[in-house]
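So the protein sequences, as listed, match chains A and B. In this text, residue positions in the first sequence follow this note's numbering: the first is 3, and each later residue adds one. In this text, residue positions in the second sequence follow this note's numbering: the first is 613, and each later residue adds one.
Incorrect hints may have been included.
Said to hold, decoys possible - What the simulated footprint calls covered on chain B by chain A, stretch by stretch (three residues with Cβ under 8 Å from a Cβ of chain A suffice, anywhere in the stretch; the number is not a length): (1) 647 to 658; (2) 667 to 674; (3) 719 to 726.
Claimed, not checked - To be clear about the criterion: a stretch of chain A counts as covered by chain B if any three or more of its residues have a C-beta under 8 Å from a C-beta of chain B, and this derived list gives those stretches: (4) 74 to 80; (5) 88 to 96; (6) 100 to 108.
Don't read these hints as lab results, they were simulated from the structure. Note that CB positions come from ideal geometry on N, CA and C, so glycine has one too.
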Amino acid sequence: GQNIDQPTEMTATEGAIVQINCTYQTSGFNGLFWYQQHAGEAPTFLSYNVLDGLEEKGRFSSFLSRSKGYSYLLLKELQMKDSASYLCAARIVTTSGTYKYIFGTGTRLKVLA
Amino acid sequence: NAGVTQTPKFQVLKTGQSMTLQCAQDMNHEYMSWYRQDPGMGLRLIHYSVGAGITDQGEVPNGYNVSRSTTEDFPLRLLSAAPSQTSVYFCASSYSRRTGDYEQYFGPGTRLTVT
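Build out the structure end to end from the sequences listed, making use of the hints.
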């Protein structure tokens, strides 16, 4: 089966750094995506990794280790507007050679002043 | 570009009624997907399509039908609504041969309540 695990909730302080972990057990794994979702809104794309290593995009970085089935999203210089849910999603190659996406349950991040 | 649009934004149905949730994208994306999002369950894939005329089932397809007659449109049909289908439904599109990007763009969602 396909399984993706993330912590349910995290709390951090404005200006701090927070790391949100994601572990996955999937067949046909082909990449790991991170999305941000504010309450009542649609998810928006943050970052993705296909190869092992770190991808940096401003205050956000994402890391992937394919051998360990592990990824994390690092948020630096936290701002109040970063309070949101963060969704981890694996891209899976299907038996017919196409792609589909499986999501974790999301991590709700609260940033405190 | 409007991106991904969904209609309606809100809908209340009675058990047993049928309806179609509309989804359209203007980015010439090949892939389109339907998800439902329930509290504590994350996004679950209902059906997806990799091009016009091609659809496949996701994790929770029962009670839903899809078709993809054009690249732009991917409607989701509820055949006989049940209270268990109360959820927020998101449509997403991705992949353009021109850009090669696979990031998904999501519509604003349809909030469906079945009584």
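To see whether the hints hold, each was checked on the structure:
1. Only residues whose beta carbon comes within less than 8 Å of a beta carbon in chain A count, and the region 647 to 658 of chain B has 7; three or more means the coverage holds.
2. Using a Cβ-Cβ cut-off of 8 Å, 3 residues of the region 667 to 674 of chain B lie near chain A, which meets the minimum of three, so the contact claim holds.
3. Residue count for the region 719 to 726 of chain B with a Cβ under 8 Å from a Cβ of chain A: 3. That meets the three needed, and the coverage hint holds.
4. Look at the region 74 to 80 of chain A against chain B: 0 of its residues bring a Cβ nearer than 8 Å to a Cβ of that chain, fewer than three, so the hint is violated.
5. Look at the region 88 to 96 of chain A against chain B: 4 of its residues bring a Cβ nearer than 8 Å to a Cβ of that chain, three or more, so the hint holds.
6. Chain B is given as covering the region 100 to 108 of chain A, and this holds because 9 residues of the stretch bring a CB closer than 8 Å to a CB of that chain, at least three being needed.
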